[in-house]
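Take a look at the letters that make up each chain.
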Amino acid sequence: QQPVQSPQAVILREGEDAVINCSSSKALYSVHWYRQKHGEAPVFLMILLKGGEQKGHDKISASFNEKKQQSSLYLTASQLSYSGTYFCGTLEYGNKLVFGAGTILRVKS
Amino acid sequence: DTAVSQTPKYLVTQMGNDKSIKCEQNLGHDTMYWYKQDSKKFLKIMFSYNNKELIINETVPNRFSPKSPDKAHLNLHINSLELGDSAVYFCASSRLGQRNTGELFFGEGSRLTVL
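Chains as they are written, first to last, in our numbering: chain A, 41 to 149; chain B, 258 to 372.
Read the hints as simulated data drawn from the structure, not as lab findings. Computed from a predicted model, the values in this text were never measured in an experiment. One or more of the hints may lead you astray.
Covered stretches of chain A, as calculated for chain B (at least 3 residues, CB under 8 Å) [what the hints assert, rightly or not]:
| # | region |
| --- | --- |
| 1 | 81 to 89 |
| 2 | 136 to 143 |
Here are the simulated lysine-lysine pairs, DSS-like style, with alpha carbons at most 25 Å apart [said to hold, decoys possible]:
| # | chain 1 | residue 1 | chain 2 | residue 2 |
| --- | --- | --- | --- | --- |
| 3 | A | K77 | B | K309 |
| 4 | A | K66 | B | K293 |
| 5 | B | K297 | B | K266 |
| 6 | B | K293 | A | K136 |
| 7 | B | K279 | B | K293 |
| 8 | B | K309 | A | K148 |
| 9 | B | K279 | A | K136 |
| 10 | B | K266 | A | K148 |
| 11 | B | K301 | B | K266 |
| 12 | B | K279 | B | K266 |
| 13 | A | K136 | B | K301 |
| 14 | B | K309 | B | K266 |
| 15 | B | K309 | A | K136 |
| 16 | B | K328 | B | K297 |
| 17 | B | K276 | B | K298 |
| 18 | A | K136 | B | K324 |
Yeah, the Cβ is synthetic: ideal placement off N, Cα and C, and Gly gets one too.
Let's have the full structure, built from the sequences with the hints guiding it.
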């Protein structure tokens with residue numbers, strides 16, 4: 041069963057912040073985040089392996105709440121280059137990575 | 258050098274035809290995958306191979322047959338193509354399964370259009 045992402049879409053102006061949420065009805069062992077720009081392949085952003093873990097990459101960071109079975113991706117001071125579709129993925133039995141439906145992020149100047 | 262390469266990038270074909278997509282990775286990874294991305298951008302796993310052995314086989318019509326001649330290659334053959342097969346097919350690879358590194362490296366995708 042795929043994780044649920046929210047919101048489905050968000051429009052920002054440059055410099056604004058955004059949060060994308062990912063939740064699952066199943067226990068989460070790890071959460072992956074990817075970004076896909078239009079017409080391109082998804083690109084890995086980060087993986088969170090245990091509850092309470094937080095990671096950052098430039099101005100994009102994420103947290104993982106194992107108990108609540110959810111993860112959040114934080115985009116700070118967004119740039120035009122952040123535009124794209126963000127996917128969270130959760131690992132299921134057999135090393136199967138199941139993706140959420142994606143969140144479309146559009147940053148306007 | 259492209260890490261994960263797929264050919265062809267575009268296929269346009271008629272219903273009922275058979276087509277193949279090839280994938281090669283030069284990252285030395287053990288595990289390779291096929292994902293299907295439909296028009297709504299939903300990314301769904303189809304198959305996974307670890308060192309030439311099939312380990313994930315989702316509920317995919319048996320018209321789809323993957324083949325891994327060696328751990329650097331994973332091909333996808335589709336028989337009797339249907340309109341609903343139109344999608345972008347992504348090949349991906351990772352090292353020792355996702356649990357170890359977590360990172361999937363995707364190919365550029367192969368856009369299949371069935372008329």
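Are there hints from earlier that the structure breaks, and if so, what are their numbers? 3, 8, 10 and 16
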